[in-house]
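Protein chains in written order, with my numbering: chain C, 70 to 329; chain D, 21 to 430; chain L, 29 to 260.
Mixed in with the good hints, there may be bad ones.
Distance condition first, Cα-Cα at most 25 Å in a straight line; then the derived DMTMM-like pairs of lysine to aspartate or glutamate [claimed, not checked]: (1) C:78 / L:96; (2) C:223 / L:79; (3) C:326 / L:82; (4) C:294 / D:369; (5) L:46 / C:328; (6) C:78 / L:120; (7) C:257 / D:390; (8) C:75 / L:120; (9) C:78 / L:150; (10) C:326 / L:79; (11) L:154 / C:83; (12) C:294 / D:311; (13) L:154 / C:146.
Treat the hints as calculated values from the structure; they're not laboratory data.
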Amino acid sequence: MNTLLKIIKYQLHDLLRGKWVLVYTAVFFVLTDGLFRFGGDSDQVSLSLMNIVLFVIPLVSIVFGTMFFYNSREFIELLLSQPISRAALFLGLYLGLSLPLSAVFLVGVGVPFIYHAGFLGGAYWILLLAGTSLTCVFTGIAFLIAVHYEQRVKGIGVAIVLWLLLAILYDGIIMFILFALEEYPLEKLTLILSMLNPIDLGRILILLQFDIAALMGYTGALFTKFYGNHIGTVIALLTLGIWCAAPVWLGFRAFLKKDF
Amino acid sequence: MRVTAAIALIIIGFSNLYGNSVHVGSQYSLGTVSEGISKTKSGDTLIVHEGTFLERNLSISHKLTLIGIGQPIIDGGQIGEILRVVADSVTIEGFTFIGSGLSHLDENAAVLFEEAHFGAIRNCTFLDNYFAIYISKSSHCLIENNIIRGDAKTESRSGNAIHLWYCKEIIIMGNHISGHRDGIYLEFVENCEVMDNKSSENLRYGLHFMFSNHNQYHDNQFYNNGAGVAVMYSRHVDMRDNLFADNWGSAAYGLLLKDIYDSTLINNRFSKNTIGLYSEASNRVQIEGNDFVSNGWAVKIMANSMDNIFTGNNFISNTFDIATNSRQNFNSFNQNYWSRYRGYDLDKDGIGDVPFRPVKLFSLMIERNEPALMLMRSIFVELLDLAESYIPILTPATLIDEQPRMRLNS
Amino acid sequence: MIEISGLAKRFGTHEVLKSLDASILANKITAIVGHNGSGKTTLIKCLLGLDQYEAGTIRINDYQLTADWNYRAQIGYMSQIARFPENLSAREVITMISDLRQGSPTQATELIQYFHLDDEMDKPLKTLSGGTRQKVNAVVSFMFNPDLLILDEPTAGLDPISSSSLKDRILSEKEQGKTIVITSHIMSEIQELADTILYLLDGKIFFDGPVDVLIKQTGEKNLERAMAKLMS
């Protein structure tokens, strides 16, 4: 077993002791189960879950991720004086958090869904994909922040502000732009803007799976056409991939150069 | 088959009481329907036996009962019209009509009634016709239990399945219609009843009528049509127990009401349409007991619609319940059930203690700026809607259900 | 053993090490001294690769430090404050590090006995006192029997008995041919342990030589007084 896997193993070990992960699983499980029990069909449950996924996952991933990194300072410093590569250590830390968080989400949401609906529909796969991607994206951003800011309070503050920006303010800014430029054709612009924020990208990919696509009129038609064909799907997945990889890569670069 | 034959024999027996029977078919001396028609006199019965007849431009000008035994096929070969009826009391039953010809000059129909009263078209099948049944300036006719399937690809190259023009007292019931431009088209038609039909997969409208007052439409199913159902410029329309479903598209709706006055829309179901009910310049319509389920917009009501009453309806899981284009509202909403309603009922009278505002700010915004749809269901928009629902600034202040029901209206 | 030349390190605009040259002899105990903020810990962290430096080279046993991390297998590092994952027990930390390092902690059992840690090994580290944690820290640094020991304020927080046990251990390690680098604020301790002194001032070496030479040069009776004279 190589160093990377060993580090992931010890991270998991540490996470499971913290009980946080169990609470996180339970929340998803109870929510999904509850939505079914309160009489929703799988489409309604997926739509309700979508809001939770797009709201909770980025927040938990980014806040928990930064806290986790700061709390691992001792572990990191201990290991850095050992003959272990920084690259393996950083990737081990990242995967040691993003993988269990993703798994927890998949289990917490997936199990009750299979139990109640008996299947996983197309829309649901996209929901799971979006949730997993957002977990990876925001854990990566969290690590980037934590590597960058030495002070824990400052780091967590930056994380929360960034979450606010991406989860809420970004859409406000888009709305402002759309109304400020009302006179111009904006469909292409909206397409680009939808990719610059992983939360928006996730939301639109999920919504396109529902019949709501048809409701979107010309804009919806454009989105359906773009994301519906192979190139669009590839571009969307690629963009999500870049969103997952970019913060991790930047954090990785900073981590290699960081003084401890 | 045996049963059909027996019934046919009985009918033939009866018709013999009133006139002579003339037979057409490979076993008989008359080999074509046109010969057969020419051999009949008023009040006779023409019996056409199983087989395919490549004939067109047939014409019936006297009282006649036309009966097909074993579903004979009359194939017009995609040229001209097939059968024209210009006399009263003509009954057509048990035929398959194929291929009235596409034309940009003539509205070629498989069966045309022209100033023909007291007629009937029953149990026939119409395949790949330009127009299938065309009734013009006629009254007291029955169009019953026919199957009409077209192969329409574009609106300009297809006609309507059942087309009525200046008619009165016609009953259209139990027909299954698909694949035409409009399923049922009525213009200048009065006192008609359209019931128990299924009209689906038509290019444009499942049902389309204009300038047609005092008609009733009930127990029909209109689904999966290009643009849904459009009813325009009519008064005293009664629509009950119909289904309007699965009309998705940027210009699709379950039901369009345009310039409709003094009408009733009761106990219908609107499900999974881009827009369930679209009301434009329609006044004094009673909209009661309908279910609006899983539509994009359950109801879009333009500001030029007035004095419409929405009561006892159920609005369930629609993306938007009500949208409008104005801050003014001249319609009333009362005692509807709204699945989005989050109020409470302390006195347990089944009516929420807090009024419900069904118009969302976001629906107004996309009305003005469609690309804003990309923000649908975003947290920012939810927050905006929440704020607006407490302090309405842009949404119509009087569009409000003062007595929202806590439970589904049955 | 260790050759340092032209080592420069800054934090932002603050230059901590200014083109520092020094050598640390094998089989000796070298003490790095200097007042607070003089760059002692930074120098140690540069040796360990914990801090990255802008200029200069460090050679350990003729191996020039790069991003490669394998050389740390010869080093045992005891940090100023014991830093461990809080939820783990001392035994788990030892198992984990042995596992990650793929070495066998040959001295571990003996060290645990030496520092009387047997009863503390299975408690979560966050419940242990600072001194006990520091002893665990010592076990972890010594247990692989490395050639080079780097000890940053090793006796800080230890009671007098533990402190003298540790000092005895350091001396016996030297007897076995280890090279030891140590920092401390306690001059008597350095006088007791060190062969050579590296005195850092403003990011440069101010004095580099045997302890007795320094005392003799200043004409003072002990290291503490000698240092005080040097600094004034």
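Going down the list of hints, with the structure as the test:
1. Straight-line distance between C-alpha atoms of residue 78 of chain C and residue 96 of chain L comes to about 24 Å, which keeps the hinted pair within the 25 Å bound.
2. Straight-line distance between C-alpha atoms of residue 223 of chain C and residue 79 of chain L comes to about 22 Å, which keeps the hinted pair within the 25 Å bound.
3. Our distance criterion of 25 Å between C-alpha atoms is met by residue 326 of chain C and residue 82 of chain L, whose separation comes to about 11 Å.
4. Only pairs whose Cα atoms come within 25 Å are accepted, and residue 294 of chain C paired with residue 369 of chain D is rejected, the gap being roughly 49 Å.
5. With a C-alpha separation of about 17 Å, the suggested pairing of residue 46 of chain L with residue 328 of chain C holds against the 25 Å cut-off.
6. Proposed proximity of residue 78 of chain C and residue 120 of chain L is supported: the alpha carbons are some 13 Å apart, at most 25 Å.
7. Taken as a hint, the residue 257 of chain C and residue 390 of chain D pair is honoured in the structure, with Cα atoms around 13 Å apart against an allowance of 25 Å.
8. The hinted pair formed by residue 75 of chain C and residue 120 of chain L meets the criterion: a straight-line CA distance of about 13 Å does not exceed 25 Å.
9. Restraint check for residue 78 of chain C and residue 150 of chain L: satisfied, since their Cα atoms lie roughly 20 Å apart, inside the 25 Å limit.
10. Taking the CA atoms of residue 326 of chain C and residue 79 of chain L, the gap is near 8 Å; set against the 25 Å cutoff, the hint holds.
11. For the proposed pair residue 154 of chain L and residue 83 of chain C, the alpha carbon gap of about 14 Å is at most 25 Å, so the pair holds.
12. Under the criterion of a C-alpha separation no larger than 25 Å, the hint pairing residue 294 of chain C with residue 311 of chain D is inconsistent with the structure, at around 32 Å.
13. Simply put, residue 154 of chain L and residue 146 of chain C have alpha-carbon atoms about 16 Å apart, close enough for the 25 Å limit, and the pair holds.
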